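Trainee: For the sequence shown, my numbering begins at 1175 and goes up steadily by one.
I should point out that these hints are in silico values taken from the structure, not numbers from a laboratory. These numbers come from a predicted model, not from an experiment. A hint or two may mislead.
Claimed, not checked - FRET-style restraints, in silico, Cβ to Cβ:
| # | residue 1 | residue 2 | range |
| --- | --- | --- | --- |
| 1 | 1178 | 1207 | 38 to 46 Å |
| 2 | 1197 | 1227 | 40 to 48 Å |
| 3 | 1223 | 1199 | 34 to 42 Å |
| 4 | 1201 | 1225 | 33 to 41 Å |
| 5 | 1179 | 1212 | 28 to 36 Å |
| 6 | 1204 | 1180 | 33 to 41 Å |
| 7 | 1193 | 1214 | 30 to 38 Å |
| 8 | 1221 | 1187 | 47 to 55 Å |
| 9 | 1228 | 1196 | 53 to 61 Å |
| 10 | 1178 | 1214 | 49 to 57 Å |
| 11 | 1223 | 1190 | 46 to 54 Å |
| 12 | 1197 | 1235 | 35 to 43 Å |
We put the CB at the ideal spot given by N, CA and C, even for glycine.
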Amino acid sequence: MPVSMDNLMKILPAIIVILIGIWLLKKIFNILIAVVFIAVVIFVISRYIFWGCCKLMIFIISL
């Protein structure tokens, strides 16, 4: 079945919208991965700081 120009003009906007949607989803997904990574790093660092403070307090109390 040959593709007519009329059919192509009907399909083309839908293809463009789908491609833009996929591109936006990839951008949002990358931003979410970055936010989760930063949150995990902050959580791990804060735990190390918290445990360091706890050990320091126990050491000071035991003196």
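Trainee: Look at each hint and say if it fits the structure.
Mentor: Hint by hint, here is what the structure shows:
Taken as a hint, the range 38 to 46 Å holds for the pair residue 1178 and residue 1207, whose Cβ atoms sit roughly 43 Å apart. Between residue 1197 and residue 1227 the C-beta distance comes to about 45 Å, which sits within the given range of 40 to 48 Å. Distance hint for residue 1223 and residue 1199: a CB-CB separation of about 36 Å, consistent with the stated range 34 to 42 Å. Evaluation of the 33 to 41 Å hint for residue 1201 and residue 1225 yields a pass: the beta carbon distance comes to about 37 Å.
Remark: the range hint 28 to 36 Å for residue 1179 to residue 1212 is contradicted by a beta-carbon distance near 49 Å. With their beta carbons about 38 Å apart, residue 1204 and residue 1180 fall inside the hinted range of 33 to 41 Å. At about 32 Å, the CB distance of residue 1193 to residue 1214 agrees with the hint of 30 to 38 Å. Between residue 1221 and residue 1187 the Cβ separation comes to about 51 Å, which falls inside the hinted range of 47 to 55 Å.
For residue 1228 and residue 1196, the Cβ-Cβ distance of about 48 Å falls outside the hinted range of 53 to 61 Å, so the restraint is violated. Here the CB-CB span from residue 1178 to residue 1214 is close to 53 Å, well matched to the stated 49 to 57 Å. A beta carbon spacing of about 50 Å between residue 1223 and residue 1190 agrees with the range 46 to 54 Å that was offered as a hint. For the hinted restraint 35 to 43 Å between residue 1197 and residue 1235, the CB-CB distance of approximately 57 Å leaves it violated.
The structure shown violates the earlier hints numbered 5, 9 and 12.
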